[in-house]
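Per my numbering, numbering through the sequence shown is continuous, rising by one, with the last residue being 144.
Do not rely on the hints blindly, as some may be mistaken.
In silico BS3-like pairs for lysine-lysine, Cα to Cα no more than 30 Å straight-line [unchecked claim]:
hint, residue 1, residue 2
1, 99, 89
2, 81, 99
3, 99, 58
4, 89, 19
5, 125, 58
6, 81, 58
7, 99, 19
8, 125, 99
9, 58, 19
10, 125, 89
11, 125, 81
12, 125, 19
13, 19, 81
Derived DEER-like restraints, expressed as beta-carbon distance ranges [to be verified]:
hint, residue 1, residue 2, range
14, 85, 49, 32 to 40 Å
15, 42, 132, 18 to 26 Å
16, 81, 112, 29 to 37 Å
17, 111, 132, 14 to 22 Å
18, 125, 72, 31 to 39 Å
19, 112, 20, 27 to 35 Å
20, 20, 49, 27 to 35 Å
21, 99, 76, 33 to 41 Å
22, 46, 19, 31 to 39 Å
23, 49, 17, 26 to 34 Å
24, 86, 43, 41 to 49 Å
25, 49, 125, 16 to 24 Å
26, 27, 99, 19 to 27 Å
27, 58, 85, 30 to 38 Å
Derived from the structure by calculation, the hints contain no laboratory data. Cβ coordinates follow ideal geometry from the N, Cα and C atoms, glycine included.
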Amino acid sequence: MAVAILTLPVALTACGQQEEGPASVKEMMRDAVQPTAEVFWGSAGWVIDETGEHDLTPTTDEGWKKAQDSAVQIGQFGVLLGSEEYTKGRGEDWAKFAQGLTEISKEAEQAAIDRNSDAVFEVGGRIYNVCKACHEAYPQTAGPEVDPAAG
């Protein structure tokens, strides 16, 4: 059920996009990519607070499935960001960043399938690095936006 809840906003966004055109990059990042990446990143590592150390590794089949599903979705976002609608008017490196996200998502999915917390943590850092490099090359105020109204 949690997987259905996680994927429902993305599915609804996709339905809306088919009728209204693609979301702007800013909207896609805010409403889909960031929350999905946070699900994956929240599946490894530790939090240390006043009550002690808390391991974020999933402990249930459902938790591992959420990590795996988020990895798959990250890859789908990479494919979408690499599509002509989003690469038009941007440099070659935009497509390379999108491809990098797609490629690393496959490793992320496999790490979740393998239930390998160390690998999830390591590949999560690499996903972050791809995102960070793209954001440095394309700050929010730079580059063309896909205009949803232009469809």
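Taking the hints in turn, this is what the structure says about them:
1. 99 <-> 89: holds (16 Å)
2. 81 <-> 99: holds (25 Å)
3. 99 <-> 58: The given pair, whose Cα atoms are some 14 Å apart, holds under the 30 Å limit.
4. 89 <-> 19: Roughly 19 Å separates the two Cα atoms, so the pair holds.
5. 125 <-> 58: Between residue 125 and residue 58 the Cα gap is close to 26 Å, so the pair holds against 30 Å.
6. 81 <-> 58: Not OK: residue 81 and residue 58 at ~34 Å, beyond 30 Å, violated.
7. 99 <-> 19: holds (24 Å)
8. 125 <-> 99: holds (19 Å)
9. 58 <-> 19: Distance of about 27 Å is within 30 Å: holds.
10. 125 <-> 89: Holds. Residue 125 to residue 89 sits at ~13 Å (cutoff 30 Å).
11. 125 <-> 81: holds (21 Å)
12. 125 <-> 19: Status holds; Cα separation ~15 Å.
13. 19 <-> 81: Holds - the C-alpha atoms of residue 81 and residue 19 are around 16 Å apart, at most 30 Å.
14. 85 <-> 49: 32 to 40 Å: holds (36 Å)
15. 42 <-> 132: 18 to 26 Å: violated (33 Å)
16. 81 <-> 112: 29 to 37 Å: Taking Cβ atoms as reference, residue 81 and residue 112 lie about 35 Å apart, which means the hint holds.
17. 111 <-> 132: 14 to 22 Å: With Cβ atoms ~33 Å apart, the hint is violated.
18. 125 <-> 72: 31 to 39 Å: Because 20 Å falls outside the window, the suggested range is violated.
19. 112 <-> 20: 27 to 35 Å: Because 31 Å falls inside the window, the suggested range holds.
20. 20 <-> 49: 27 to 35 Å: Given range 27 to 35 Å: holds, Cβ gap about 28 Å.
21. 99 <-> 76: 33 to 41 Å: violated (18 Å)
22. 46 <-> 19: 31 to 39 Å: Since the Cβ atoms of residue 46 and residue 19 sit about 36 Å apart, the hinted range of 31 to 39 Å holds.
23. 49 <-> 17: 26 to 34 Å: Holds, at about 31 Å.
24. 86 <-> 43: 41 to 49 Å: holds (43 Å)
25. 49 <-> 125: 16 to 24 Å: holds (20 Å)
26. 27 <-> 99: 19 to 27 Å: Between residue 27 and residue 99, where Cβ atoms are some 20 Å apart, the hint holds.
27. 58 <-> 85: 30 to 38 Å: holds (36 Å)
Checked against the numbered hints given earlier, the structure breaks hints 6, 15, 17, 18, 21 and satisfies all the rest.
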